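Number of protein chains: 2
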Amino acid sequence: MTERRRRRLPRDVREQEIIDAAVGVFSKRGYRAAVVDEIADLAGISKPMVYLYLGSKEGLFIACVRRESQRLAAAFREAAQAGDSPEQRLWAGLGAFFAFVAEHRDSWTVLHRQAPEQSETIAGELATARRSVMAEVNGLVRDGISAGGEADRLGEQEADFVAHALVGAADALTDWMDRHPGEPPERVTVRLMNVMWVGMRNVLDGEVWVPPEHGT
Amino acid sequence: MTERRRRRLPRDVREQEIIDAAVGVFSKRGYRAAVVDEIADLAGISKPMVYLYLGSKEGLFIACVRRESQRLAAAFREAAQAGDSPEQRLWAGLGAFFAFVAEHRDSWTVLHRQAPEQSETIAGELATARRSVMAEVNGLVRDGISAGGEADRLGEQEADFVAHALVGAADALTDWMDRHPGEPPERVTVRLMNVMWVGMRNVLDGEVWVPPEHGT
Chain A
1 MTERRRRRLP
11 RDVREQEIID
21 AAVGVFSKRG
31 YRAAVVDEIA
41 DLAGISKPMV
51 YLYLGSKEGL
61 FIACVRRESQ
71 RLAAAFREAA
81 QAGDSPEQRL
91 WAGLGAFFAF
101 VAEHRDSWTV
111 LHRQAPEQSE
121 TIAGELATAR
131 RSVMAEVNGL
141 VRDGISAGGE
151 ADRLGEQEAD
161 FVAHALVGAA
171 DALTDWMDRH
181 PGEPPERVTV
191 RLMNVMWVGM
201 RNVLDGEVWV
211 PPEHGT
Chain B
1 MTERRRRRLP
11 RDVREQEIID
21 AAVGVFSKRG
31 YRAAVVDEIA
41 DLAGISKPMV
51 YLYLGSKEGL
61 FIACVRRESQ
71 RLAAAFREAA
81 QAGDSPEQRL
91 WAGLGAFFAF
101 VAEHRDSWTV
111 LHRQAPEQSE
121 TIAGELATAR
131 RSVMAEVNGL
141 VRDGISAGGE
151 ADRLGEQEAD
161 FVAHALVGAA
171 DALTDWMDRH
181 PGEPPERVTV
191 RLMNVMWVGM
201 RNVLDGEVWV
211 PPEHGT
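Going down the list, the protein sequences come from chains A and B.
Heads up: the first sequence is residues 1 to 216, going by our numbering.
Heads up: the second sequence is residues 1 to 216, going by our numbering.
Bound-form chain A, shown alone (with noise of 0.2 Å):
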């Protein structure tokens, strides 16, 4: 630890280095557990040092926070790009969701586990997080709407509908994952496609479930 304190480095790798050991210790500890000493000492730090890079423990909060749903939303999206149909766009967006899940569990408890109660900024931060994730999905399944030629049909809410279905399936279904840790999450993707793309195809292509008859 010595040796690395000596280290000198530029200020946004040192900041890197500093979240890194945060998003560890957050996920570990929970947000009003975990202590700036810790993640100080794991980034081979002084704690002064930390709180002139990021201010407070809320700031290393909302920097990990903001860090973290950057990289989730761009892994979904640069996924989600490379398919050809919308189908393809949503198996490969799915499964970059579960792969970074699967690979990064410490950034996902930050996101997905703390106590938005902590604090408004907090609150704020991730709902901020939240919805530019909501926002990606809703830009695919309008693509997939575009795609299908029924533009004039669906409209924002119904596209902001199925999304809202799609982030919090896959939400919850990261708790299965962890009581299923043997579940490789290209695994995940399929079962998941298996629950939601024939509805959402249908939605997409503006068929509409009907009520059964009472007694049929």
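Hints are all accurate, no fakes.
Derived lysine-lysine pairs resembling BS3-like cross-links, with alpha carbons at most 30 Å apart:
1. Lys57/B - Lys57/A
2. Lys28/B - Lys47/B
3. Lys28/A - Lys57/B
4. Lys28/B - Lys57/B
5. Lys28/B - Lys57/A
6. Lys47/B - Lys57/B
7. Lys57/A - Lys47/A
8. Lys47/A - Lys28/A
9. Lys57/A - Lys28/A
Honestly, the hints are just simulated from the structure, not real lab data.
For clarity, every value in this text was computed on a predicted model and none was experimentally measured.
We have chain A; now place chain B onto it with these hints.
Structure of chain B alone, referenced to chain A:
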């Protein structure tokens, strides 16, 4: 208020009144900012009496989570039981869920938006509440499986996967409802059936979505 204070009520009635008041205050203020004085005042009872009945602010919160999650699970279960087919049961259950959220906004806020990090006891209670809702949905999905004669083919793991996707989607859609307050719960239910049912039926029937070939 003075008159209410003088009333003599059986213990369980008084307790329910305190919980009613607590749900309102926790929903409005959040767990951390909520103060027992306000709850006592709303319930028309002294603060020491509140502590006598429910122990502590944490005890109050746990009583709220327990009662409201039981109510929600019961509403879901009763509605679902009335359906004739898996499709009708799911439709009725989801309808009861969205109606509960629309009618008991405070209860839902306590269950959905509170910070599990406040204490391990609270985290445990919220996890138990979620598991009990998940178990209801899982039961419904497994009923669907049995009704389709595919009991041997799909196991606990598949039913649990579908239950997670469904609960997560419904959860996230309550945020969508917040932003579309004019949308009646019945329409939200039909929209979600549109997205989920066809896909779910395929899973229950043992059909499998296959990743598309690249370039098709």
